[in-house]
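Novice: Chain by chain, the residues:
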Amino acid sequence: MSRSLRAGSLSLRWEPRSALVCGVLALVAAGAAVFVVGSGEFPIPAPDVVKALLGQGDRATEFIVTTLRLPRAVTGLLAGLALGLSGAIFQSMSRNPLGSPDLIGFTTGSATGALLQILVFGGGAVAITVSSAAGAVLTALAVYLVAYRPGGGVHGVRLVLVGVGAAAMLEALNSYLITRAELREAYEAAFWLTGSLNGRGWDQAVPLGIALAVLVPAALALGGRLGMGELGDDAAQALGVPVQRTRAMLVAVGVGLVAAATAAAGPVPFVALAAPQLARRLTRRAGAQLLPAALTGAALLACGDLISLHLPVALPVGVVTGVLGGAYLAWLLSITGRKGMV
Amino acid sequence: MLSSARRTPLRTPVPADVPRRRLRWGGLVLLAGALLLTVVASLAIGAEDIPPARVWSGLFSPDGSQDALIVQELRLPRTLLGIAVGAALGLAGAVMQALTRNPLAEPGLLGVNGGASLAVVAVIAAFRVDEVLVYVWAAFAGAAGAAVLVHLIGARGRGGASPARLVLAGAAVNAVFVALTAGLMLLTPRTFNGFRFWQVGTLGGRDLGVLARVLPFIAVGAVLALLLARPLNALGLGEDAGRSLGASPARARALGAAAVVLLCGSATAAAGPIAFLGLAVPFIVRAAVGPDQRWVLPYSLVLAPVLLLGADIAGRVVAPGELETGIVTAFLGAPLFMLMVRRGRTRDL
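So the sequences go chain by chain: A and B. Per full-length UniProt numbering, the very first residue in the first sequence carries number 1; after that it's consecutive. Per full-length UniProt numbering, the very first residue in the second sequence carries number 1; after that it's consecutive.
Because the hints were derived from the structure by calculation, they are not lab data. It cannot be assumed that every hint is accurate.
Said to hold, decoys possible - To give a feel for the contact side, a few chain B residues facing chain A, derived at Cβ under 8 Å:
hint, residue
1, 57
2, 167
3, 200
4, 326
Said to hold, decoys possible - Computed far set for chain B versus chain A, every beta-carbon distance over 12 Å:
hint, residue
5, 24
6, 41
7, 53
8, 56
9, 72
10, 114
11, 196
12, 223
13, 286
To be verified - Listed next, with one range per pair, are the computed distances between beta-carbon atoms:
hint, chain 1, residue 1, chain 2, residue 2, range
14, A, 127, B, 128, 54 to 60 Å
15, A, 19, B, 249, 53 to 59 Å
16, B, 223, A, 252, 53 to 59 Å
C-beta: ideal position from N, C-alpha, C; glycine also.
Just chain B, with the same shape it has in the complex (with noise of 0.2 Å):
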């Protein structure tokens, strides 16, 4: 139970407390103001850069300029779905490696992308269609079974479910994922088209409606994820002193996975698979604040639209023509995953 985890000890004293708190406290702060910045960034700079005063008044005193155009039918939307995407790929990443105690789960890892880009391949194929709201609904399906494939995988044997293992079977059930896909996308070269923008991932060429589509169940995700800061934290002392603090590991691990599918699958659904996100943001928040789930999952809700809508940024940047935000953070994800494995004692990889 939720209610049970707050009688427990969990806080250190108070009196030595006090000024780390403070100082999370505004950590979280500046970043926030690191937020708010990217955002104006985000409006700004692109293919047409466009003044930060132009900016202003083409957002609140749209004047029919081709600026006020470009600031609130083209930058506005992927702004807003940077800061909602990557809000919800950073809390799940954070929640997936409280669950898992495992500092390399990720969706894009775990299979939880694989699965998203099968059942939304497998609607495109099937239905024909080019309607968000069914793109979200497969991608929920998908993420869902795929986490929970990946895990009853990994979780066999004994050892259970350790972390070498875990990235394993999610490349095992990510690689029949991923013929199956490119089975589906082969069938005929429509599905095809239609397939290959999408499985590249990107926050570009969404319209508003994508993000109301799915920001209830990302804001639902969201206030999950932080509710389970507590059980999360009891979870990380291992599953016996957990329950002999009065939280409910069962209890903790469904909500969590219910959070995770949310947050991964409207994520998913609404720019495509961005991977690597999730491993980076709450990797680089615990090395920062420490492994307290109450800091890492608010820093990770506000740095990972920082560093995703950097990545979109830089992505308008460095190539002519743009570079997918989904392959930006790819290749900035990809060698902080190899580190990580590098440095990480061997006894654990």
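Next comes chain A alone, as it looks inside the complex (with noise of 0.2 Å):
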């Protein structure tokens, strides 16, 4: 059911499970995360955790808090988000569940540039990041290049597999970089690689939240056409939406997404492609849902990370969600399989 809102010209349109499904994924996301704050060597208890995050704690806690322990919560969280709005941008551009931007080689690619940056060039902090959104771009053009086909364009499976291709590549040149470096460096390069929120500082957390100021209205903003887009491009025309510029701006506000995530956190793998299908199955609504595939993908990579800190063994959380993901993916397929989809 769909309720609007009106004041004036402007009409919000709105489905009351939407918004509570999405006000309950905000609410495990924040929840996640201050346990996420509260674990550690020091462990914090929630209520705790909340006191000093809105100034009441004592001032030790508040320092491990605020300073220690809150940025990795926060990376954790827009990264999370970073992922499921732009997987949720590509699955529903190549209408295709798994045309999510870690299958397609877009998060090898980013590794791959920030991989060069560690290893070879040296560079620091900022020299990572746009390295890492250099190769997450690279890669994407690269990839739509290989797959277009004049008159048939780009989408459905083919995109996929020459996203596989380009991946399997990728990952070729990423190993291979790793065994030329130094140990201590290459160790740390691999923990990145995996997708990892150890140690990240305001440093990661800030540009990152930088970025999605702009991508995350402009995704929102698409976020109509995009709808209009999955009925299939002459209708879309038909509805007034130009077509082409409108793939061309979601491209680059979903690669732009992509990368910004993985800058932040290493290419932090299935978050993008399960968040979209989990959102659509909580909202059992079809199409982009892009807000909640945001907010699913905040919350998945939180708890991930919560689960990643009470393991027995220091692992990153791209290991837990790399499993997760991949048994989901292998469901997924199953599943689909009887539709006929893939």
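The task is to assemble the complex, starting from two chains supplied on their own in separate frames and drawing on the hints.
Specialist: This is the structure:
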């Protein structure tokens, strides 16, 4: 059921169920983040974390919370948000649940950019961020160009398979770089490659926040046209959507989101793939659910980080999301096959 | 039953076929010649180029000179390993593609390499061993488990195991394996260091002991694969047609899977994961000699070592300090894969 809010000429459609789902997801994400902040060598109970966040804790707790641990939790929430949103954009555009940026090589390319910077050029945090973004953008361009066929355009399984090829090539390059580095450097880079939130500070959280402040509104503004694009190019054109330009802008925003997230947290696997699918099932609505997908991504990454912090051994969050996400993908394949989607 | 397939009239009429058969035999002989040349090049080319005459004397009358040592100790094991691993991967790719009737089937893409990697890193992490025989068994178990899992997932649902579905199931299973592998690898710097060199896939730095350990498995797998030519031909006609010709699809599939696991498992155990060779070789061969497995399999057996050794030599020449074989094959094979996907009919992909 859909309701609308009207204020003059502005009208906002909203659905009670979607709103409820979004609210619950935001609560889950925030709750997980609070527990992430509370976890560590000096465990802090959740009420004390909240008190410290509100500026009412004692000084030591406040220092640990806001200076040491909060940036990690914030990075996780924002990176999850960005990955979920970009996954929703790409899956909707490729009209395929598997068209997510981590399966089609974008995050691998982003990792290649960052690795080159870490291991070869030795640049600092800013340089790593820029190279990582450049890697994602170049990979996206290459995959789209190869998958593009005059007349047929870019969509569907062809895009995904070309991306699988690109990912394989870039993974080889990444392993090569790893073998050429000093053990200590390579070990650190391998943590980064798996997708990790360890040791993230405001240096990572703030640039990510700034990028999202630009990209998230842009994505949401383009979201309406995205829904029309799913009807097919001709129908969308008839409805007055400039299909090619919209697609180009959406690709730019989607790649920007992936690049920003990866630069901050590394190529965390599968959040971009799983979040939009889960969001659709939670809201029980067809089409791209941008806001629910973004919030699902944030909740997934925050919960994944919480799990990784409480494993008996120190493992980065990417291991958790990789295992859960791969299993999820396998399950998705086995049910979509039944409906003949893939 | 293997022998029952032999009674089936799969052969094309003899008279018109004779010139073409001669041509194919000739091609196979030419290819064997190319392999011989590649072997010589592999022994001669490297950080230190050695003229063929010195290679010869280094091989057959070693005089203790540095050239003779390089040939005997470094390049001969590497080259022999390249022949064995290449033949194994080429045959495995051909059998996989015939079994699944999927031109994109490839050990690397179908999760087999991922499964072998996970098993090997688990062994390194758990037992702190550095022993290739243990790697072989681990890689077998991992490869077999992955192959079965990917097929089960890919074959579920309506439409069965279509090319795209199998590759995607491979990507899913591979992702879980990669995550688990990363997890195990990151447990300790020692495990990480042991594994990071293995995971790129290379022919370099292995001695003849490695080859001796895996050779029996590769030999059994190769014989099995070559014996399966006719049943695979029958399978290629489709399940029902194959059965009506007297072939047993279930038996052919089981034996074929066993051959694939033997071949991929030992190749991966010996050289690490090497991507795209199993994809490229049968693809090129089919373009040259057509779909008849009685030709596809022997051609793949000979062509794959030529390409693998070629990639290995290229890796030695291209970059200072050598590029691992697996990197070169990925960089040559992935573009080919993308080209195939691009050319493919949208209906299939």
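Novice: Looking back at the hints listed earlier, which ones does the structure fail to meet?
Specialist: As far as the earlier hints go, 1, 10, 11 and 14 are violated by this structure, in ascending order.
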